[in-house]
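As you go down the protein sequences, you meet chains E and L in turn.
Using my numbering, the letters of the first sequence correspond one by one to residues 33 to 222.
Using my numbering, the letters of the second sequence correspond one by one to residues 369 to 557.
Derived from the structure by calculation, the hints contain no laboratory data.
Hints should not be assumed to be uniformly reliable.
As the list claims (entries may be wrong) - Only pairs whose alpha carbons sit at most 25 Å apart, straight line, appear in this in silico PhoX-like list of lysine-lysine:
1. K383/L with K373/L
2. K118/E with K409/L
3. K383/L with K211/E
4. K211/E with K373/L
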Amino acid sequence: MAVGQAILSEGILIAEAGADLVEALVREHARFVYRVAYAVLRNHHDAEDAVQETFIRVWRHRGELRDVREARPWLARIAWRVAVDKRRRPADLSLEEQQEAAQGVRELQAQGAGADQLAISAQMQELLAALIASLPRDLREVVTLSTVEEMTSAEVGTALGIPEVTVRTRLFRARQLLKEKLAAVMEGGS
Amino acid sequence: MSEQKEKFADEILDKALANYSHAEPRLGLEGRVLARLDEEKQSPARVWKWAWAPAAAALLIAGGLYLSRPRPQGPAIPNVAVKTNPPVTAAPTQPQPPVVKAAAQTKPRVGARAQAAPRAAVAAARLPQFPAPQALSEQDRLLLAYVRLHPQAAAQQAEATAQPLAEMKIRPLEIPPLSPDGSQSAPER
Numbered sequence: 033m034a035v036g037q038a039i040l041s042e043g044i045l046i047a048e049a050g051a052d053l054v055e056a057l058v059r060e061h062a063r064f065v066y067r068v069a070y071a072v073l074r075n076h077h078d079a080e081d082a083v084q085e086t087f088i089r090v091w092r093h094r095g096e097l098r099d100v101r102e103a104r105p106w107l108a109r110i111a112w113r114v115a116v117d118k119r120r121r122p123a124d125l126s127l128e129e130q131q132e133a134a135q136g137v138r139e140l141q142a143q144g145a146g147a148d149q150l151a152i153s154a155q156m157q158e159l160l161a162a163l164i165a166s167l168p169r170d171l172r173e174v175v176t177l178s179t180v181e182e183m184t185s186a187e188v189g190t191a192l193g194i195p196e197v198t199v200r201t202r203l204f205r206a207r208q209l210l211k212e213k214l215a216a217v218m219e220g221g222s
Numbered sequence: 369m370s371e372q373k374e375k376f377a378d379e380i381l382d383k384a385l386a387n388y389s390h391a392e393p394r395l396g397l398e399g400r401v402l403a404r405l406d407e408e409k410q411s412p413a414r415v416w417k418w419a420w421a422p423a424a425a426a427l428l429i430a431g432g433l434y435l436s437r438p439r440p441q442g443p444a445i446p447n448v449a450v451k452t453n454p455p456v457t458a459a460p461t462q463p464q465p466p467v468v469k470a471a472a473q474t475k476p477r478v479g480a481r482a483q484a485a486p487r488a489a490v491a492a493a494r495l496p497q498f499p500a501p502q503a504l505s506e507q508d509r510l511l512l513a514y515v516r517l518h519p520q521a522a523a524q525q526a527e528a529t530a531q532p533l534a535e536m537k538i539r540p541l542e543i544p545p546l547s548p549d550g551s552q553s554a555p556e557r
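Looking at chain L on its own, in the form it has when it is part of the complex (with noise of 0.2 Å):
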C-alpha cells in the first residue's frame, strides 16, 4: 500500500468513525423516556394497590367454610337409661370391685384442671338435640333391613302387637273396708 493511498485511507476512517455514532434523536426522546418511567412507577403501585385482594378473598372463604363446616359431633353421652352392663359372670366368692374404682386404677391420675377441661369440652359441644343421636345398633340395623324388604308383614306384626295395648281396659281400683278384728276381705273379681 502507498503512503499517499494507506494516508487518505487513515484520514477516511477517522473521519467514518466519528460519524459513526453521530445519530441524533426524534425530537422528544427525554419527554418520551419520562413518560414512559411514570407508566413504569405507577405499575408497581396498581400491583400492590389491589395486592390485599386476593388476601382478603382467602379470608372470606376460609370465614364462610368455617362457618359452613358440620358441627363436630361431641363426645358420646352415654346413654345410662337404655345402656345396661353385661351380666356379671364371675363367681361370687371373688367380690367385684366398683366400676368406678376400677376406671380409676386403671386411668392415671389427673389433676382437677385437666378433668375440667373435657367437661367444659362437652358443655361447648353440647347439642341441642336431647338425647344426642347415636348410631344404630346391630339389632336396630336389622329391623330396619326387615322392615324394609317385608314392609307389610313389618305392619301386620305392629299391628298384632299394638292390638292387646288397645283393648286392654283399666279396671277402677277398689279398696274393701277394713273389717272390725284387723282382717281384710279380698277383693271380689
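Next up, chain E with everything else stripped away, as it sits in the complex (with noise of 0.2 Å):
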C-alpha cells in the first residue's frame, strides 16, 4: 500500500507532520499524477505544470489531509481538476483533426499494420484522442480518467464525484460509441 494512503487510512496526522506527508505522497504518486494530467492534457510539459499545481495545492490544505482516506483518487481529484482548468484548447476537437488523424490510421493499416502495432503507434493515439474528444462530457470524463493505469472504477467514482455503478455503466457505453467510431474509420468512413 502507498506510504501516504497507509499513514491517511489510519487516521495519525497532525497538522505538524504535513510537510513530512506532502513529501511522501510527491515521492510515491507523481508519475500517478502526472499521468492523470497527461491524460487530459496530451503534453508533456503542461502535463508536469499541472503535477505541481497539484502538489502546491495539496501543500496549502496539508491541514485537511487528516480527512483524507485514500490518497490515489484524492489526488487524481484535484489533478483532473487542475488538469482541465489548464487545457487551453476545447475538449472537442474539430472535423477537420478528426478525419486527419482517421487518414493516418488507415495508411497504417494499408501498409499492413497488426493490431498491436496500430495500437501504440501515434496516428492511433491521435485518432483515440479525436474520437474522446467527441464523446458527451459525462462519457469522456469517465473514459479519460479509466485509461490511466491501475484506477479502478471506484478510484474513478471518487475522483469524480459520482458512484461506482455509474462509472461502469458510463464506460461501458463510452467504449461501444468508440469501438463504433473507430470501425467506421477503419472500414473508410469518418
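Once you've looked at the hints, go ahead and assemble the two chains, each given alone in its own frame, into the complex.
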C-alpha cells in the first residue's frame, strides 16, 4: 500500500506532520498524478506543470490531509481539476483534425500494420484522442480517467464524485461508441 | 459491421486505451516537484518575515505626527488685569449678587474631583510664555489696519504722543519744615 495512503487511512496525522506527508505523497504518487494530467492535456510539458500545481494545492491544504482516507483518488481528483482548468484548447476537436487522424490510421492499416502496431502508433493515439474528445462530457470524463493505469472504477468514481456503478455504466457506453466510431474509420468512413 | 471487424476494432481499442495515458515523465519529476514545494514553503515565510515592517513604519509615522503636532491651546486664562467688567446699569435699589455666587447658581454643583480635573488639565496645558498670547481684539485689529494703511501718519502720531512724556521732568520733592504751631506752610512752586 502506498506510504501516504497508509498514513492517511490510519488517521494519525497531525498538522505539523503535513510537510513530511506531502513529501511522501510526492515521492509515491507523482507519476500517477502525471498520468492523470497527461490523460487530459496530452502534452508532457503541460502535464508536468499540472503535477506541480496539484502538489502545491495539496501543500496549501495540508491541514485537511487528516480527513483524506484514500490518497490516490483524492490526488486524482485534484489533478483532474487542475488539468481541466489548464487545458487551453476546447475538448472537442474539429472535424478536420479527426479526419486527419483517421487518414493516418488508414494509411498504417493499408501498409499491413497489425493490431499491436496500430494500437501503439502515434496516429492511433491521435485518432483515439479525437474520438474521446467527440464523446459527451460525462462519458469523456469517465473514459479518460479509466485509461490511467491502475485506476479502478471505484477510484474513478471517487475522483469524479459519482458512484462506482455510474462509472461502469458510462464506461460501457463510452467504449461502445468508441468502438463503433473506430470501426467506421477503419472501414474507410469518417 | 462483421463480427471479425468488430473483434478487430475491439482489440485495437483495448490496446490503444491501455496505451492512451501510458506516459512517462522526464527523469527527476519528484525532485522538481519537491523543489517547487520548497519554494512554496519559503515564500510565505518571506512574507511573514517582513510582515512587521509596515506595522513598524505606521507606528513610526504615527509617533512622528504625534510629536510634531501643534500643541493644543490651553483654555484661555482670563487676564483679569486688563479685562474690565461692563458697567453695572441695574437700578441701585436691586443689589447685584456677587459674580461668584451667580456662577455657582447657574452651574451644577460638582464634586471636588471633578473640579480638580480641569485644574490639572490647565496645569498640563500651561504654556512657557506668560501671559498667554491672546487673539487681537477689534480695536487692536483696527489700529493694525490703520498703521498698515497710513504708516507715516501713525508714526507721527506716535512721536507726538510720546514727546510730552520724554520732556516731562519730575521736580525733586520738597517737604517744608513743620512750624511750631503745627501748621504747615504751603510749598513754594
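A quick look at each hint next to the structure:
1. The suggested pairing of K383/L with K373/L holds, with an alpha-carbon distance near 15 Å, which does not exceed 25 Å.
2. Under the criterion of a C-alpha separation no larger than 25 Å, the hint pairing K118/E with K409/L is consistent with the structure, at around 23 Å.
3. Pair hint K383/L plus K211/E holds up; C-alpha atoms about 12 Å apart against a cutoff of 25 Å.
4. Proximity of K211/E to K373/L is assessed by CA-CA distance (about 10 Å); at most 25 Å being required, the pair is judged to hold.
In terms of the numbered hints stated before, the structure departs from none.
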